[in-house]
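Enquirer: Given next are the chains, with one letter for each unit.
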Amino acid sequence: MANISRSPWLLHYDGSSCNGCDIEVLAALTPVYDAERLGVVNTGDPMQADIFLITGGINEQNKDVVKQIYDQMPRPKVVVAVGVCACTGGVFKDCYNILGGADTVIPVDIYVPGCAARPQAIIDGVVQAVGLFQQRLDEHNAQKRKEA
Amino acid sequence: MKLGITYMLLYIVLAPFIGGFLEGLDRKISARMQRRVGPPVLQPFYDVKKLLNKQTITVSTSQMFLLITYFVLMVLTGALFFFGADLLMCFFVMSTAATFLYFAAVVTSSPYSSAGAQRELIQMMAYEPAVLLTCVGFYLAAGSFNVSDIAKSQMSNIAFLPGFFVAFVFILTIKMRKSPFDTSASHHMHQELVKGLTTEMGSRNLAIFQITEWYENVFLMGVVGLFIINRNPISIVVAIAVILLVYFLEILIDNSSARMKWQQMLKITWAVTLLAAGVNLIMLMVIR
Ligand code: SF4
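Residue numbers (the numbering used here), protein chains in the order written: chain A, 1 to 148; chain H, 1 to 288.
Possibly wrong hints are sitting among the right ones.
With a cut-off of at most 20 Å between alpha-carbon atoms, the simulated SDA-like pairs for lysine to any residue come out as follows [claimed, not checked]:
id, chain 1, residue 1, chain 2, residue 2
1, A, Lys144, H, Leu193
2, H, Lys178, H, Ser156
3, H, Lys28, A, Tyr33
4, H, Lys152, H, Gly4
5, A, Lys67, H, Ile57
6, A, Lys144, H, Gly4
7, A, Lys67, A, Ser16
8, H, Lys49, A, Asn141
9, A, Lys146, H, Leu193
10, H, Lys178, A, Ala121
11, A, Lys63, A, Glu36
12, A, Lys144, A, Pro76
13, H, Lys28, A, Glu36
14, H, Lys49, A, Ala142
15, H, Lys49, A, Arg75
16, H, Lys28, A, Thr43
No lab work stands behind these hints: they were computed from the structure.
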């Protein structure tokens, strides 16, 4: 755990999910699991977020929103897709308005499967994302030092 | 004079650490109140370190300048206070600092940030009377506006100023951005304003804001201590105990109350200020 970022701030966006996954995401923040003990803060502000956690598939209406949120986040950043909807489109895959999973518009790093994904799985996904975030932060710092 | 400079330097060097540590305790105790484990006590420092390392996204070029001015003025406020300068002056510099924070938020022209800034102004309107009355109270009790003179009083000033103390602790909730009154920038997530005042502050700017808050909190706690401190060195220990108690009270209020509308905030704050500080003021004037 030594080399892991201690301060991952998380932005949760609900695509076209059925809300099942969202409830599980919020459950991860409740006293039972308490994600804040890992330093996780659930922020609503893309400019301050490190991890973009997305639930639900992408449709015609939210694809620009998702792209914009992603662009507003400062580097380094990590994207986690929670639930099969966000991974592939899930049960809604064949709907006329669904484009597919989150990776149809933005690069996704970590996929958390499940319908709905369980809080344990979500926290596990976030912990992996935190590791990746730290790796990118180190790379980012090395790059900055090289430029300086 | 020499002692004043030592205190001032100590404040400038130590305040961010004390402030950050107090915030860490705050988050831990809050978590315990909600029956959670909570983050480590050093969490605020991890947060700031990360924020400083991230890519800087600048929404508006002047925002950084305005925030740094806010930071410098806030440090100056505390420095003047611990140097032992004029208390009125300290509070005026603090208000100037707050104005720069307002500008730093509106300059981005984001609706959330601007609305947060508007509310910040309303908050200032709510707490300023109590702040000014506190200065007047200290003058009436100790016969001087100078912090160094007030700290050398015969008796703890709280003996003369209980009403002022109540009013000041009441507005501390606003100044520390705690729950019933944290209308301008919420530390609890997902509110109607996103992050209010700080919505458009990314990475480095947010870190500056955070550190400034720590300086500010230590200064405010210093004012709380000024109520207690007197000639006797033992009073310093008592002052620290009272400060910790007040801080705990703020955390308790934060965790046990829901947010208020600004109209209610204004009404209640002014009522408390007028009743507690006003009555105390009249009594002081009658006695003297
Ligand atoms: S994965 Fe299942 S629970 Fe989650 S949003 Fe999709 S349908 Fe709902």
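Enquirer: Now tell me if each hint is right for this structure.
Expert: Status of each hint after checking the structure:
1. A C-alpha spacing of about 33 Å is found between Lys144(A) and Leu193(H), which places the hinted pair above 20 Å, so the restraint is violated.
2. Distance check on the hinted pair: Lys178(H) and Ser156(H) sit about 28 Å apart at the alpha-carbon level, beyond 20 Å; violated.
3. Simply put, Lys28(H) and Tyr33(A) have alpha-carbon atoms about 15 Å apart, close enough for the 20 Å limit, and the pair holds.
4. With a CA separation close to 13 Å, the supplied pair Lys152(H) and Gly4(H) stays within the 20 Å bound.
5. Distance restraint check for Lys67(A) and Ile57(H): the Cα-Cα separation of roughly 17 Å lies within the 20 Å cut-off, and the hinted pair is therefore satisfied.
6. The hinted pair formed by Lys144(A) and Gly4(H) fails the criterion: a straight-line CA distance of about 41 Å is larger than 20 Å.
7. Between Lys67(A) and Ser16(A) the CA atoms are separated by roughly 15 Å; this keeps the pair inside 20 Å, and the hint holds.
8. A distance of roughly 12 Å separates the Cα atoms of Lys49(H) and Asn141(A); the hinted pair therefore holds under the 20 Å criterion.
9. Of the supplied pair hints, the one linking Lys146(A) and Leu193(H) is violated, its CA atoms being roughly 39 Å apart against a limit of 20 Å.
10. About 33 Å separates the Cα atoms of Lys178(H) and Ala121(A), which puts this hinted pair outside 20 Å; it is violated.
11. With a CA separation close to 30 Å, the supplied pair Lys63(A) and Glu36(A) exceeds the 20 Å bound.
12. Between Lys144(A) and Pro76(A), the direct Cα distance comes to roughly 12 Å. Compliance with the 20 Å bound is thereby established for this hinted pair.
13. A distance of roughly 10 Å separates the Cα atoms of Lys28(H) and Glu36(A); the hinted pair therefore holds under the 20 Å criterion.
14. Between Lys49(H) and Ala142(A) the CA atoms are separated by roughly 16 Å; this keeps the pair inside 20 Å, and the hint holds.
15. A threshold of 20 Å between alpha carbons decides the hint, and for Lys49(H) with Arg75(A) the separation of about 15 Å falls inside it, so the pair holds.
16. For the hint pairing Lys28(H) with Thr43(A), the CA-to-CA distance comes to about 18 Å; that is within 20 Å, so the pair holds.
Checked against the numbered hints listed earlier, the structure breaks hints 1, 2, 6, 9, 10 and 11; every other hint is satisfied.
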